[in-house]
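**Q** Starting from the given sequences, assemble the full structure and let the hints guide the process.
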Amino acid sequence: MKYESQGVAKLYFFGALTLFSAQLVFGLLGAILYVAPTSLPDFLPFSVVRMIHTNALVVWLLMGFFGATYYLIPEEAETELHSPGLAKLQFWLFFGAAGAAVVGYLFGYYDGRSYLEQPLYIKIGIVVVALMFLYNVSMTVLKGRKTVISNILLLGLWGIAVFFLFAFYVPSNTVLDKMFWWWVVHLWVEGVWELVLASILAFLMIKLTGVDREVVEKWLYVIVSLTLFTGILGTGHHYYWIGTPAYWQWIGSIFSALEVVPFFAIVIFAFSMVYKGGRRHPNKAALLWSLGCSVTAFFGAGVWGFLHTLAPVNYYTHGTQITAAHGHLAFYGAYAMINLAMFTYAMPQLLNRAPYNQTLNMISFWIITGGVAFMTAALTLAGVVQVHLQRVMGMAYMDVQAQLGMFYWLRLGGGLAVILGLVLYLVSLLAPGKASAPASASYVPAE
Amino acid sequence: MSETLTKAAARNIFYGGTVFFFVVFGVLVADSVTDAIAIAKVNPITPSVAAGKRIWERHACFDCHTLFGEGARFAPELGNVWLRYGGDKDPDGARESLKQWIKNQPTRVEGRHQMPHFDLTEQQLDQIVDYLRWTSRVNTQNWPPHISG
Numbered sequence: 001m002k003y004e005s006q007g008v009a010k011l012y013f014f015g016a017l018t019l020f021s022a023q024l025v026f027g028l029l030g031a032i033l034y035v036a037p038t039s040l041p042d043f044l045p046f047s048v049v050r051m052i053h054t055n056a057l058v059v060w061l062l063m064g065f066f067g068a069t070y071y072l073i074p075e076e077a078e079t080e081l082h083s084p085g086l087a088k089l090q091f092w093l094f095f096g097a098a099g100a101a102v103v104g105y106l107f108g109y110y111d112g113r114s115y116l117e118q119p120l121y122i123k124i125g126i127v128v129v130a131l132m133f134l135y136n137v138s139m140t141v142l143k144g145r146k147t148v149i150s151n152i153l154l155l156g157l158w159g160i161a162v163f164f165l166f167a168f169y170v171p172s173n174t175v176l177d178k179m180f181w182w183w184v185v186h187l188w189v190e191g192v193w194e195l196v197l198a199s200i201l202a203f204l205m206i207k208l209t210g211v212d213r214e215v216v217e218k219w220l221y222v223i224v225s226l227t228l229f230t231g232i233l234g235t236g237h238h239y240y241w242i243g244t245p246a247y248w249q250w251i252g253s254i255f256s257a258l259e260v261v262p263f264f265a266i267v268i269f270a271f272s273m274v275y276k277g278g279r280r281h282p283n284k285a286a287l288l289w290s291l292g293c294s295v296t297a298f299f300g301a302g303v304w305g306f307l308h309t310l311a312p313v314n315y316y317t318h319g320t321q322i323t324a325a326h327g328h329l330a331f332y333g334a335y336a337m338i339n340l341a342m343f344t345y346a347m348p349q350l351l352n353r354a355p356y357n358q359t360l361n362m363i364s365f366w367i368i369t370g371g372v373a374f375m376t377a378a379l380t381l382a383g384v385v386q387v388h389l390q391r392v393m394g395m396a397y398m399d400v401q402a403q404l405g406m407f408y409w410l411r412l413g414g415g416l417a418v419i420l421g422l423v424l425y426l427v428s429l430l431a432p433g434k435a436s437a438p439a440s441a442s443y444v445p446a447e
Numbered sequence: 001m002s003e004t005l006t007k008a009a010a011r012n013i014f015y016g017g018t019v020f021f022f023v024v025f026g027v028l029v030a031d032s033v034t035d036a037i038a039i040a041k042v043n044p045i046t047p048s049v050a051a052g053k054r055i056w057e058r059h060a061c062f063d064c065h066t067l068f069g070e071g072a073r074f075a076p077e078l079g080n081v082w083l084r085y086g087g088d089k090d091p092d093g094a095r096e097s098l099k100q101w102i103k104n105q106p107t108r109v110e111g112r113h114q115m116p117h118f119d120l121t122e123q124q125l126d127q128i129v130d131y132l133r134w135t136s137r138v139n140t141q142n143w144p145p146h147i148s149g
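Top line first, the protein sequences correspond to chains A and B. First residue of the first sequence: 1, per our numbering; consecutive thereafter. First residue of the second sequence: 1, per our numbering; consecutive thereafter.
It is worth saying that the hints were derived from the structure and are not from the lab. Ideal Cβ positions, reconstructed from N, Cα and C, are used throughout, including at glycine. Hints are all accurate, no fakes.
The calculated lysine-lysine pairs, modelled on DSBU-like cross-linking and capped at a C-alpha distance of 30 Å, are:
#  : chain 1 : residue 1 : chain 2 : residue 2
1  : A       : K10       : A       : K88
2  : A       : K10       : A       : K146
3  : B       : K7        : A       : K146
4  : A       : K276      : A       : K146
5  : B       : K103      : B       : K89
6  : A       : K143      : B       : K7
7  : A       : K2        : A       : K284
8  : A       : K2        : B       : K7
9  : A       : K276      : B       : K7
10 : A       : K143      : A       : K10
11 : A       : K88       : A       : K146
12 : A       : K276      : A       : K2
Partial selection, computed: residues in chain B whose CB lies under 8 Å from chain A:
#  : residue
13 : K7
14 : A10
15 : D35
16 : E57
17 : T66
18 : V138
19 : P144
**A** Here you go:
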């Protein structure tokens, strides 16, 4: 750790891991409700379980992004954070709001649309938190060195805040409502979040491989260009069947099919940096997560997205378990893994330890990734059967669900593996490593 | 990466291209907004329909059901449920059946997905049905493929 104020990241990473654990617990409850629908008490209906599962996911990912930003911005800007105190206050506000939202959900205090169920005062709190964050980070960058990584990262973070404002626009016209709901959801995860992903990955690549910054930054521009040139008009793939004009079927199909290209570019980027880079960084687990992130994002967001994005295909697959399969692998590969990579990279330095239980960390990588891949496979198979029975043959929804039990059991198994993997991951990060593990003498921080 | 592409050029392509694509997207969305507002002329959003939509949001119906394919996939698609209940032929019968269905939940049938019990007044039940009648009249480009949703 070069700058003392980078230490605030630790708080964010702990908070993110807490919410990640909650996300998985409620994911497990949801999976249980699919196979044993009457097994949970009445205050835990599927709707509440799902909203905690998805909200915890979104909030921990954002919390991880905030922490990653606080960690990397001082190193990029070569200066201490503008206000570490404000960063700590911001954390407790955000963590408190998330906790209040979850407890409120259990007592029926929710209102809104999917992923945006937070009551109005929580949404306003989120805006306050975002403003504190953007002020703090922007001031730090303004007084220090301006790099491409920090510029793209800031652009992504400002974009997250700006598009969140559409959460406050809830017209009574459902067609309009749905159109602009996607301005939050799609323009986040298939737009500005990818900017955050790409810049964190670029930072990690510089640190882990020692490749020249010039090369990495040029790649970064190419990746984020491909992302937004395809992703913005790619929003059209959500405008096929919601009451919007038919021309979106052409625009959405063409541009969203190309959304696989930036993810392919990320894979090529990550692997060629490792190939070119001379450095053997001692934190091999962080490198595994970084490379794994690029590959899993390519499959989850790229390939599984392409699978059902063309309008004539989506006509049959829209709103089936195919969507769920894609959602799980894409969120995990692109956004969970980049966060887990960053935690793995930064935590030893934040806790002032030499690289630590790396083998255990790498085992957890394979178990979690394997578990999510298995869930994705199970849901994909469930989706194919569902599409055929329901969308081709026209069978009723509940009759079709009765045919899918085996796949939902397999999905539950995959979920259990993910939870086991998370436990190992937490142990590897938090438990002290063996004292005999030597700190690598050859370790030289980049630049 | 090729030497022919300088960093400055890559930067200009990124910012210029992003602005260009966002403007194109904005123009298309503006056209679709006009279109969506016109829908409300032939398929009016009455106070009851708007109130029904608020109930839909307040009770997070989308966290189990889909509407136009969006939401969770734990329960049936509801965008066209009015037609599935025969609302186009027998509106009174469909209204009564839908209201009764909501009132009867949960079924507590073992192995069957459960819907919570919502304490809704007769008026609120009518509003939610009015909302689902409204959604059934939206032109969704013939989606879903079958009435079963």
